[in-house]
Amino acid sequence: MNDMFSTGITPRDYWMMAYGAWKTIQMTLAAGLLATLLGILLGLLKMSRFAVVRLAVDTLVDVLRCIPLLVQVTLIFSGFAVLGAPISAFTAGTIALTLFAGSYTAEVVRDAILAVPAPLRRAARSLGMTARQEYAYVVLPLGVRQAFPSWLGLMLGIVKDTSVVAVIGYAELLKATQTIITRTQDPLPLLTLAACFYFVICFPLSMVGGYFERSLKKRS
Amino acid sequence: MGYTFQFGVVLDALPDLLSGAAVSLSLAVASMVVGMLLAAPLAVAAAGRNLAAKAPARAWIELARNTPCLAQIYAMYYGLGAVGIFMPAWAAVFLAISFNNAGYLAEIFRGGLNGINANQFKASRSLGLTPAMAYRYVVFPQVFRNTYNSVSNQFIWSMLNTSLGALIGLYDLSGVAMDYQMRTFKTFEFFLAIAVAYIVLAKLIMFGMRFLKPGGANA
Chain A
423 MNDMFSTGIT PRDYWMMAYG AWKTIQMTLA AGLLATLLGI LLGLLKMSRF AVVRLAVDTL
483 VDVLRCIPLL VQVTLIFSGF AVLGAPISAF TAGTIALTLF AGSYTAEVVR DAILAVPAPL
543 RRAARSLGMT ARQEYAYVVL PLGVRQAFPS WLGLMLGIVK DTSVVAVIGY AELLKATQTI
603 ITRTQDPLPL LTLAACFYFV ICFPLSMVGG YFERSLKKRS
Chain B
955 MGYTFQFGVV LDALPDLLSG AAVSLSLAVA SMVVGMLLAA PLAVAAAGRN LAAKAPARAW
1015 IELARNTPCL AQIYAMYYGL GAVGIFMPAW AAVFLAISFN NAGYLAEIFR GGLNGINANQ
1075 FKASRSLGLT PAMAYRYVVF PQVFRNTYNS VSNQFIWSML NTSLGALIGL YDLSGVAMDY
1135 QMRTFKTFEF FLAIAVAYIV LAKLIMFGMR FLKPGGANA
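Going down the list, the protein sequences come from chains A and B.
Each number in our numbering comes from the position in the first sequence (counting from 1) with 422 added on.
Each number in our numbering comes from the position in the second sequence (counting from 1) with 954 added on.
Watch out, some of these pointers could steer you wrong.
[Unchecked claim] For each label pair, taking beta carbons as the anchor points, the in silico distance ranges come out as:
1. A:T513 <-> B:G962: 38 to 46 angstroms
2. B:K1008 <-> A:S628: 15 to 23 angstroms
3. A:D484 <-> B:K1076: 19 to 27 angstroms
4. B:F1165 <-> A:S628: 34 to 42 angstroms
5. A:E635 <-> B:P1010: 43 to 51 angstroms
6. A:F634 <-> B:R1003: 26 to 34 angstroms
7. A:T614 <-> B:P995: 23 to 31 angstroms
Don't read these hints as lab results, they were simulated from the structure.
Since the model is a prediction, treat every value here as computed from it, not as a measurement.
All C-beta atoms, glycine included, are put in the ideal place defined by N, C-alpha and C.
Please build the complete structure, drawing on both the sequences and the hints.
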């Protein structure tokens, strides 16, 4: 009872922020996985033989990059409702982040494939590899090394971009912080704590990323 | 079910939407100019050996790049408000996005500085230029040219990021749409309209940057 009316920061508030951080992580994992898959698909389509396909993908990527995430999230959330099939804030946010990050991943994937030297790929084919084998054993191992740092940067971007999904009511870390601030009217410690949470989420990721990058370099 | 799209209300709101677009674009331009002015010395400090300059520059860059832009806007608006510094929403967004731009642009410029042969700086110094002049007349003109495309992308990014200002009551494109959405409940129509408007603004920036490119559009 006392908790409810107190204006100080209570232990329950820290718990609420930790829970918000967990929701941020959940959405990052879901959107990160889907965006990677979408990015690989779009990246491969970008290199299609058919000009129509290339044009379609380029237009899609261009449009997705020119609209603020805030607007995309709201459009997807309200668009599904308008169609008569409302979806949860989590689903809408995940779809929006997947499309947004996927369009950037597509560029990374394309650059990675182009970074594999063409003579090497021709050599693979002349050794009798099929197109599929060429991609699996030559392009993929070399391309992953090339793409990894940029890809990791995009994943870290998703962690930060989940904060935008708050507009449709997804109570992730920043939204939880904002809610507590509304009651305590004491923004500085809480915003600092939120920044620390983001750091705690992002820093190990970039550490792990740096480790993988070095070990990939060592092996090549 | 069956939903009737009503774009009439959007047309009625056109004057407000246009002034909102002007707010978005002018905030983007202003924060980009300030961001670039701050980013150049930041990049030099971050790339240098002087630890007293390097440490704060690195801290600025890491903080700007590793926290959400929305959190930065909140920090300016609510955070500074807590210590008695109050400002209107546009000023908070302007400061936050300038801070954000400076961090990202500094990292872009740092990459550009690495690509410039260090002997050029030494040669300018031996010709009697001060370090500031060497950077101003020899090094940075090349850095700007080599990083031009990344800088253009950052410009578009910062324009898209101004949309977050709507959450602290800024009356930019997104702010106008949110306001009208509350009055008319036509969320989808308004956000579709501003999505198109944002694409137009982004294309405008792209076109403008191509026009301003040193050496002409085809360089």
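Report the numbers of all earlier hints that the structure fails to satisfy, in ascending order. 1, 3 and 5
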